[in-house]
Structure formats: structure tokens, C-alpha cells
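J.: Keeping the supplied structure of chain C fixed, place chain E upon it in accordance with the hints.
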Amino acid sequence: MGRYLLRRLNLFIATSLVLIAILFFATRLFPAELNYALSGIALPTSEQQLQIQHDFALDKSTLRQFFAYSAERLSGNFGISVTSQRPVSGELLGVLPASFELAFVAGLLALIVGVPLGVISALSRSKSLQKLIMAVTLTGYSIPVFWLGLLLSLWFGVQLGWLPISGQINLLYQIPKVTGFMLLDTLLFDGTYKWAAFIDALQHIIMPACTLAVLPFTVVVRITRTAMISVMNQTYIRAAEARGLSNTSIILKHALPNALIPLLKHLGLMLGPFASYAIVVEVIFSWPGIGAWLVSGIYQRDYTVIQGGIFAVALVIIFFSILIEVLYTAANPVSRKDMYGTN
Amino acid sequence: MGRTKLYLDDDIPSHGKRIWRLFAAKPQALAGLWGVVLLLLLAMFGDYIAPYAAEYQDQAALLMPPSWSNQGDVSHFLGTDDLGRDIFSRLLHGAQYTFGVAFSVVLTALIVGVVIGSISGMMRGLKSSILGHLLDALLSIPSLLMAILVVAVTGPGLENVFWAVGISLTPQFVRSIHQTVHDELQKEYVTAASLDGANALQIFWYVIMPNVWETVIIQTTLAMSAAILDIAALGFLNLGAQAPMPEWGAMVLQGLDNFLTSPWTVTIPGVAILLSVLSVNLVGDGLRSALAPMRN
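Chains as they are written, first to last, in full-length UniProt numbering: chain C, 1 to 343; chain E, 1 to 296.
Please note that a few of the clues may not be correct.
As the list claims (entries may be wrong) - In silico DSS-like pairs for lysine-lysine, Cα to Cα no more than 27 Å straight-line: (1) Lys-265(C) x Lys-187(E); (2) Lys-127(C) x Lys-26(E); (3) Lys-131(C) x Lys-26(E); (4) Lys-17(E) x Lys-187(E); (5) Lys-265(C) x Lys-127(E).
Hints were generated in silico from the structure; no laboratory data involved.
Isolated chain C, as found in the complex (with noise of 0.2 Å):
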């Protein structure tokens, strides 16, 4: 297992720099002066115009160029933003968190909601049941989601006005930032309006966390009752129903933990699309996080946040997509066979 974690944090730090390595060469195509893709300084005075040479080492050769690039925005260096002039780093860790939360909450939603009902329509006789899952998760998995959002916002935000349709929390709340987590943070918060703000912040969160979930959810529903159909065939579970196990038990306890561990794995190769996703539902709902953050950057052609919030976005999915393979492959004793000797 030690050197299969290895090899793991070896694939981390390759793709990595693959990743530092397209990100370097975009910013040399962007239609901008090198100096101002890099740093976002404008109109930089003779002493900055220095600092930048030495910093991304622009007067030696290009590999050197690339081992400064790397150097610097791995040290947290990522320029100034150019329309709110304050540093790029300061303003990504300020809306991750929010992403986060999102991304959290509207996965937990996929998983408690999509998981019992892949298992309902994997151990269900009723044809027309199987079916209707069937036919809704179909429909999920090919709706635009931001039509999705649009239409949900005018529903239940503007002619039923029950949900708000912008933002983390009404601006009325003044909650001091601890964690970055709207939720948590309310929660901590201490004073006469907590549990008001809290309120207010879960019902902002409703809405994008539900059109979010929707992707999640479908594959989550697909993949558990497949996943469990197969399960029940084994000649464990038939065992088991012979040594007069009751069948919440054996479901429970037999078939679903094997039944998550392929769940695991596609889980890890959802990421991406749910991060596509997740810009979208930012945009229109106002989400205050990393993707709205980064449409606006691209509107304005603000090079140096489109590279951070790109960077940070991509090394995020990276992260978690080998966290996952690591996690499936601790719980799952069969995948370790072929570990060694391929890739």
C-alpha cells in the first residue's frame, strides 16, 4: 500500500506540472503583453517591470522561464487581479469556500436522495416503477442546467416567490467571515439575528444546491442500481439468504457497502462535468464563488484571474480524483491485484 501511495502522489505532481505546463503556454498566447498576462500590472513602473523580469526569469530561456512560472505561482503568486486591482491569491481564497459549500451540499443531496432510490429501483418487481426512475433520471441527465435554473428561479423565486433567487444571504445579515462557510459561519455567529441568518442563508442555498444535485443525482441513481443488481446475484448474498439473515440485513449490511464501492469510482470521473455544471449554476444564481468569480474574470479579460482560477479548479479536481481512486482502492481488495506492473 506504501507504494501504491506513492505512485499516487507521483501521478498528483506529474499532472500537476502538466497542468502548470498548459496553463505557461496559454499565457504566452494570450493577446496581451507577456508581462501583463503574468503579473496583471498594467502599466507597471521601470522598478515592478524589473521585478517582474527577475521574478518570471523573462530574459533567460524558455525552460528556465517555465521552473520560474511554476516557482512563482506555487508559492501563491498569481498577480494582481486587473479590474479590482488587489492580489489574485486573496480573492480565490476568498470565493472557494463558497464553491465548496455549494458543491457540498448539492453533492450530499445527489448521495441521500439518489442512493435509497437506486436501491428502490434496483430491488423493485414493479416494472412501471423501474421505469419511471428510469425515464426521470434519462430526462435529468439531458436537461441543460441552465435552463434548468432559469425555469426554477421564475417558478418557485419570482411567481410562487417562496425561495430567493441571488446570492449566499441577504445583505440585511452582516456575518462576520470565520470559515468561509455561509452555514457554519451563521451558526458560529454570535448574536440577536443567529438563527434568522441561518435561515436566510439554508434558503439562498436551496435552489442552486437542488439544480447542482440534479447531475449527480441521476448518475448516482443509475450507477447504485446497477451496481446493486449485480450484487444481488452473488452466491454471497444467497448465503447469506440461506443462513435465514432477515433482508434489511443482508441489503443493509451485504449487498449496498459493495454495492457504493463502484459508486466510489464514478463518483471520481463525475468531477469534472459536475465542475462545468457548477460554473453555470454559479452564474445564475449569483453564487458569490470561484466560478461566477471566474466568468466575470473572462469577461472583463482579466488574464491573470482566468489563469489562477483555472489553476485552482483544476488542482482541486486533480486532488480529489486521485483522493477517490486511493479511497476505491482501499476498500476494494480486488482492484489491488492489478496494481502492480501496469499503470
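T.: Same frame as chain C, now just chain E:
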């Protein structure tokens, strides 16, 4: 249709025929196939059958509701937008952008992916591993971020969406084909063929490839639905097709200003996107379940 059986022995269906029978046994898969064929035809001939030009503005009918509403008129079947442009015609004109561009992107990514994936799948060791890392890095950049990067370099426009979606789809093809070729290469029938003296090229084309095509087909349908959704999402974010273009995602964005008073300008293009992705997914689903018994 009653048919007299002339021969006593049973007709043994070929591989392709068996798959087709399994596929056609599902009505929803067939419906999806009809939908895809219809969309392909619309992408090719939509310009000719549309009743109005895409930019034609009927000043007498601004924001007219669809024809089934009381204020609607059948001359504008699905209503008009705020400039008096006929939505039905714009949908027909837009099929070539949303569906047609998605189709050509997937085709390009497919060809590139098959070439790179099979070459890398046949290789072993370090070279294959380096390529694997490169692909992992490309795969870890979500398609929308890749599009943002491409747009940052080249500026918005439908051609750039072609490159953005293509760059993000190709690694998926390369990866799945690489994996399948790699797995097939370990199997014993390949060893048997190489013991018979087949060279690498013969093994690749005659021995391995017939078992890879099924993966390729399934991957194609997945990529197709992803491509349509990506192109529409980019159009909606105003990073893809630009304003007067009748691309479906861009139409949703253009209708957004009048969303509250005339929601059909947003809902109808959305339904078009939903139905086209749905029919692609139905075909993909049908194919997957038709191929599943053969693969196990």
C-alpha cells in the same frame, strides 16, 4: 407480415443483426434514433425548410405567444421574440449550429482519439505512462474551463467553441480507447494470433479493433450529448455563438431580457436542447443495453 419458411434450418443472425434486434426491441431507443436522424436532417436542410429567415423581423408581431395561446397566430408557430423574429424558424436555422457543430466536433475528436488511443494502447511502458499523465491533466480541466481558456486566447465565437469542446472531448476518446486496446492486448486470443505469426499491424486491425468498436460507439453517444450541452452552455454564457446567431443556447440568453413577460422565448429553445440531448441519450442507452450481453 406472414412469411412462408422455405428453409428448414434456423436463420443464424450475424453479430450486427443481433445487436440491431436487441436495439429495436426497445421502443424508446428507436424513438431516440428517429429523433437523431431528424435532427441530422434538420442540421443539413433546416435552412431550406424554415418559413422565415433567421434574422427576419416582423414588426407587426413583437413577442407574440406560441400559436396555441389565444393571442398567438399560426403564421408564427412557436411565437416570436422581442425583435419579432420567428422562433420556429430560428430553431430550424439553429440546428446546424447546436446539433451540427456538436456532430462535427464529436466526429473530429473521434478520429483523433482513435488514432492516438490505438497507438498509445499498443505501446507499453514509459511512453504509454507519460501519455497517461498528459491525458489525466487534460481530463482534469473541465470542458467549460477549457473553453474559457480557449476564449481567453482567441476571443468568443462559434469556431472557438469547436476547438474548446474538441480539446476537452478528445482526451476522453483517447483514454477509453487506450484502456480498451490495452485490456484486449492482455487476452489470450491475441497471444494466439501472434503465435500464428501476425505482425503488430495485423493484430491491431484484424484482432483487436473489432472488439474496440463497441466502446467507441458508446463513447461517441456520451460525447455527443456532452458536446450539445457544452455548446449550448457556452452560447448561454455568451462565450460561444454571438448575439444574432440562432444557436439554441444563445437564444435562451437572448430571450432572458423578456423572461418574465414572455417566458416562451426561453422555454422553447430549452425544450429543443432537452429533446435533442434526450434522443441522443436514448440511442446511447439502447446501444449500451443491446451490447451488454455480448460483452459479458
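J.: Now look at each hint and say whether the structure bears it out.
T.: Against the structure, the hints:
1. Of the pairs offered as hints, the one joining Lys-265(C) and Lys-187(E) holds, with about 24 Å between alpha carbons and a cut-off of 27 Å not exceeded.
2. A threshold of 27 Å between alpha carbons decides the hint, and for Lys-127(C) with Lys-26(E) the separation of about 14 Å falls inside it, so the pair holds.
3. With a C-alpha separation of about 12 Å, the suggested pairing of Lys-131(C) with Lys-26(E) holds against the 27 Å cut-off.
4. Our distance criterion of 27 Å between C-alpha atoms is met by Lys-17(E) and Lys-187(E), whose separation comes to about 26 Å.
5. With a CA separation close to 26 Å, the supplied pair Lys-265(C) and Lys-127(E) stays within the 27 Å bound.
Going down the numbered hints, you'll see the structure goes against none, and every one checks out.
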